[in-house]
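S.K.: The chain contents come next:
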Amino acid sequence: MTVRIIDRRLDSRNKSSINRSRFIHRFKGQIRKAVADAIARRGIRDLENGEKIGIPGRDISEPQFRIGQGGVRDIVHPGNDRFHRGDEVERPLGGGAGQGRGAASPDGEGMDDFVFTLTRDEFLDIFFDELALPNLVKRQLARIDDYKRVRAGYTQSGVPTNINLVRTMRGAAGRRIAVGGPHGTRLRHLLAELDAARQETPPDDEEIVRLEREIACLRARMEAIPFIDPFDLRYSNRIRIPQPSTQAVMFCLMDVSGSMDEAKKQMAKRFFMLLYLFLNRNYERIEVVFIRHHTLAEEVDEDTFFHARETGGTVVSTALQLMRDIIRQRYASSAWNIYGAQASDGDNWNDDSPRCRELLADGILPSVQYFAYIEIADSEPQNLWREYEQLLASHPGHFAMQRIAAASDIYPVFRELFRRRMA
Amino acid sequence: MKKKKPRLIAEGSDWTIEAIARYDAEIGRVAKDYGLDTYRHQLEIITAEQMMDAYAAIGMPVYYHHWSFGKHFLETENRYKRGHMGLAYEIVINSDPCIAYLMEENTLTMQALVIAHAAYGHNSFFKGNHLFKQWTSADAIIDYLVFARDYIAECEERHGAEAVEELIDACHALSNVGVDRYKRSPPRSLAREKERQREREAYLQSQINELWRTLPHHDADPAAASEERFPAEPEENLLYFIEKHAPLLEPWQREIIRIVRKIHQYFYPQRQTQVMNEGWATYWHYTLLQTLYDEGKVSDGFMMEFLHSHTNVVYQPPYNSNWYSGINPYALGFAMWTDIRRICEKPTDEDRHWFPEIAGSDWRDTFNFAMHNFKDESFIAQYLSPKLMREFRFFAIRDDDSRQRLSIDAIHDEPGYRELRLKLAEQYNLGSSDPNIQVWNVDRRGDRSLTLRYFNHQRRPLSSSHETVLEHVARLWGFAVRLEQQTPISGEWNVIAERKHERRKAGAYTLAGI
Numbered sequence: 053m054t055v056r057i058i059d060r061r062l063d064s065r066n067k068s069s070i071n072r073s074r075f076i077h078r079f080k081g082q083i084r085k086a087v088a089d090a091i092a093r094r095g096i097r098d099l100e101n102g103e104k105i106g107i108p109g110r111d112i113s114e115p116q117f118r119i120g121q122g123g124v125r126d127i128v129h130p131g132n133d134r135f136h137r138g139d140e141v142e143r144p145l146g147g148g149a150g151q152g153r154g155a156a157s158p159d160g161e162g163m164d165d166f167v168f169t170l171t172r173d174e175f176l177d178i179f180f181d182e183l184a185l186p187n188l189v190k191r192q193l194a195r196i197d198d199y200k201r202v203r204a205g206y207t208q209s210g211v212p213t214n215i216n217l218v219r220t221m222r223g224a225a226g227r228r229i230a231v232g233g234p235h236g237t238r239l240r241h242l243l244a245e246l247d248a249a250r251q252e253t254p255p256d257d258e259e260i261v262r263l264e265r266e267i268a269c270l271r272a273r274m275e276a277i278p279f280i281d282p283f284d285l286r287y288s289n290r291i292r293i294p295q296p297s298t299q300a301v302m303f304c305l306m307d308v309s310g311s312m313d314e315a316k317k318q319m320a321k322r323f324f325m326l327l328y329l330f331l332n333r334n335y336e337r338i339e340v341v342f343i344r345h346h347t348l349a350e351e352v353d354e355d356t357f358f359h360a361r362e363t364g365g366t367v368v369s370t371a372l373q374l375m376r377d378i379i380r381q382r383y384a385s386s387a388w389n390i391y392g393a394q395a396s397d398g399d400n401w402n403d404d405s406p407r408c409r410e411l412l413a414d415g416i417l418p419s420v421q422y423f424a425y426i427e428i429a430d431s432e433p434q435n436l437w438r439e440y441e442q443l444l445a446s447h448p449g450h451f452a453m454q455r456i457a458a459a460s461d462i463y464p465v466f467r468e469l470f471r472r473r474m475a
Numbered sequence: 005m006k007k008k009k010p011r012l013i014a015e016g017s018d019w020t021i022e023a024i025a026r027y028d029a030e031i032g033r034v035a036k037d038y039g040l041d042t043y044r045h046q047l048e049i050i051t052a053e054q055m056m057d058a059y060a061a062i063g064m065p066v067y068y069h070h071w072s073f074g075k076h077f078l079e080t081e082n083r084y085k086r087g088h089m090g091l092a093y094e095i096v097i098n099s100d101p102c103i104a105y106l107m108e109e110n111t112l113t114m115q116a117l118v119i120a121h122a123a124y125g126h127n128s129f130f131k132g133n134h135l136f137k138q139w140t141s142a143d144a145i146i147d148y149l150v151f152a153r154d155y156i157a158e159c160e161e162r163h164g165a166e167a168v169e170e171l172i173d174a175c176h177a178l179s180n181v182g183v184d185r186y187k188r189s190p191p192r193s194l195a196r197e198k199e200r201q202r203e204r205e206a207y208l209q210s211q212i213n214e215l216w217r218t219l220p221h222h223d224a225d226p227a228a229a230s231e232e233r234f235p236a237e238p239e240e241n242l243l244y245f246i247e248k249h250a251p252l253l254e255p256w257q258r259e260i261i262r263i264v265r266k267i268h269q270y271f272y273p274q275r276q277t278q279v280m281n282e283g284w285a286t287y288w289h290y291t292l293l294q295t296l297y298d299e300g301k302v303s304d305g306f307m308m309e310f311l312h313s314h315t316n317v318v319y320q321p322p323y324n325s326n327w328y329s330g331i332n333p334y335a336l337g338f339a340m341w342t343d344i345r346r347i348c349e350k351p352t353d354e355d356r357h358w359f360p361e362i363a364g365s366d367w368r369d370t371f372n373f374a375m376h377n378f379k380d381e382s383f384i385a386q387y388l389s390p391k392l393m394r395e396f397r398f399f400a401i402r403d404d405d406s407r408q409r410l411s412i413d414a415i416h417d418e419p420g421y422r423e424l425r426l427k428l429a430e431q432y433n434l435g436s437s438d439p440n441i442q443v444w445n446v447d448r449r450g451d452r453s454l455t456l457r458y459f460n461h462q463r464r465p466l467s468s469s470h471e472t473v474l475e476h477v478a479r480l481w482g483f484a485v486r487l488e489q490q491t492p493i494s495g496e497w498n499v500i501a502e503r504k505h506e507r508r509k510a511g512a513y514t515l516a517g518i
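Chains as they are written, first to last, in the working numbering: chain A, 53 to 475; chain B, 5 to 518.
No lab work stands behind these hints, which were simulated from the structure alone. Since the model is a prediction, treat every value here as computed from it, not as a measurement. Where is the CB? At the ideal position from N, CA and C, for every residue including glycine. Incorrect hints may have been included.
Lysine to aspartate or glutamate pairs mimicking EDC-like chemistry, simulated, CA-CA at most 20 Å apart [to be verified]:
1) A/Lys80 / B/Glu395
2) B/Lys85 / A/Asp133
3) B/Lys391 / A/Asp133
4) A/Lys80 / B/Glu170
A few chain A residues that don't get close to chain B, going by computed Cβ distances all over 10 Å [unchecked claim]:
5) Thr220
6) Leu239
7) Val261
8) Lys316
9) Tyr328
10) Asp355
11) Arg376
12) Ala384
13) Ser446
14) Pro448
One chain only, chain A, in its complex shape (with noise of 0.2 Å):
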């Protein structure tokens, strides 16, 4: 009798995972929250990467009846080193003796927070839950501003530039044989036929006269088969087809005024990176552009724009022109979709605020997928603010903006900016 042995280990497997989403579904709350922290804590690539998530053990304990601490409990060791009967020795801090650390309580007390790894996909799932740009179903894949052209094969009729010298050739050869077969066999009987009859009859004998007529006329038919006829012109053929967007573009722009300090500047980080986050999400190609400004508006690599430090006073709209300069020197094209998100503390030289207006309004929303402006100051909007809002009336759906006003804020602002709308 041999034993049995089966190979498992193809099959069923992620048994568990059924397990798994129920418990993922189950606590979301929690798990939603734990991500939340962790964007409050980490930069932006350890959130991509690290999704390690505690939720607290309480709240996914299995509580069941046990017996708690208290009363009275003989425990056996073993290992004595030193006791002896009768002896007294002091109790240990931390609980009772007996409780070695192994024993997790599986009725939650003491628990320490549950963490787990959530995979990338549950990771995202769970932080774009509900979360889409406006329209964006509608605006990315309805409406196609894009064409590739695609190579289909060969056609007859074209430009010349679109001539395909290859298959011109080949067919002109081929219709050259074709038409000129039958007059070449024809030819050569002629030419047997010549031979023959010179062997056997004077030069000027009848025969010979039609036989040396009729290959001339038969040369002259071959001769005059064309090398190549516009019947054998071949163009390669393209097509359009519709191509949607597939690359993205979002502006920072980010106020390094004096009155910019780096607590704020840590949340108008975190408010680009869950932009781009979600943009990366959503698209294959992102370029990121950084603005900052004070007084004047530069374009800087990414260490400048959130390390870097400036003083100075505050024109907004400066930023903005070189926002619409970019634009229009580098991402005119409609294959790009341009996001802005633009972050401050809300101070504005007073005259700048209403031309800011203007500047978004006629020179940037239109050709922007979607602009976001948070502020984050504690104090009452200023005219910057007061501006903007004249905006979110006139752009419903491709504007939006927001004040926060401490870091934890940031997450619920985020959705607030992004929040799926039913189209």
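Got chain A; can you put chain B on it based on the hints?
M.R.: This is chain B only, laid out in the frame that chain A set:
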């Protein structure tokens, strides 16, 4: 050397199906020589991931779905990935045929160890021990689990996953007070008969309940009500009581409660015999492989690797070690079985004094008797020898919260042996480590409230989780539920927690009105 080589069962550390089969045949032969009586078995080769799956589903090959298993899976996976724990080398299922899992990452030596340990050691224990015989039916468990999974999946479709999940949550919360601890089941045909009869009774009772509900509510004389307590005898199996008597449960809900209860009851013997069972399996993997080595069927290298794992498994760190987390059941069990054999074969005067009935007896008979008829608690109380207590250097500490300091009550010396052994045995009494909570009364004529009583032992209180658990009880019962505890001095029973459930207002009265 030349002669020895061809006799090796297999060489190298990579396993193949054929090598495993050859090992199994050889181990089986030796096991037969030793007279191990086992179920048929089959070996299943699985991946680490599948091993974690099996972990999450308490080792069962099929199981119903529940979020908590997902949680356990994540927990295991996380610890495994961070290297905090190795996976168990084996999982074995108490079924006929007995299924033993072999993990693909194990070396050939480890596979042989697992075969000896699980497919012969545990397997024979499952077949022989009275608790398993009495409570488990190895030939039917897989079918039952398939039925359970399908039934619960069907309920999810029919009644919604959330309703089912809520119900299973509640059942899981009560699973440790949902087993029969002492009750012995009478012969099966009679049991079935009684069951049916009880069901009829329950049905009639429920009809009566319905009738009562439609009658105008009157305040019964409280004294009269308290006289006829229901149930007449306190019931320790809360899930059973709820399944049979909860007034508002639908039949499918009762069935799910029954499923959870049955499955937990199935595993109860494993909890009761951990030291014995693991010790037994460890003893046999050691003995079987050692025998193969003596026969020259396995190489020195094999033995070195095997002994390395074996000694890790049976290591008992002392109380003051960083690695200490209680008594290692493998260590204690293995030591006890080894010791019993020693007492049989080479008894000392001390052994003759302590174990007159087994000293010098045939060790196989003694082994079988002990394996068949005991559980951890009684096994330790019966067979733990003074020699082992000395070797383990056991000592008993009393932790009394009314006193400032801990006291050492007994150590491994002549006056302490018996006390020490009793205390250690008590430590393995599930009856005292699980709280003793019983159904005391149902107010049948009044508000239908359910009263549970917690009988504390040595003033030990319930942990704070009882409030949450009581909510689950209330959800199942459908009416108010209260938990009472006796105050130490006066002996009065006081309510320590009470929960009401709202559902009755929503559903039940309209139902009764029809």
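S.K.: Give a verdict on every hint.
M.R.: Structure-based check of all given hints:
1. A/Lys80 / B/Glu395: violated (52 Å)
2. B/Lys85 / A/Asp133: violated (37 Å)
3. B/Lys391 / A/Asp133: holds (16 Å)
4. A/Lys80 / B/Glu170: Distance of about 16 Å is within 20 Å: holds.
5. Thr220: holds (60 Å)
6. Leu239: holds (77 Å)
7. Val261: holds (94 Å)
8. Lys316: holds (37 Å)
9. Tyr328: At about 29 Å from chain B, A/Tyr328 clears the 10 Å cut-off, so the statement holds.
10. Asp355: The claim holds: A/Asp355 sits with its nearest Cβ about 33 Å from chain B, beyond 10 Å.
11. Arg376: Given a closest Cβ separation of 49 Å, the condition holds.
12. Ala384: Given a closest Cβ separation of 49 Å, the condition holds.
13. Ser446: holds (45 Å)
14. Pro448: Given a closest Cβ separation of 37 Å, the condition holds.
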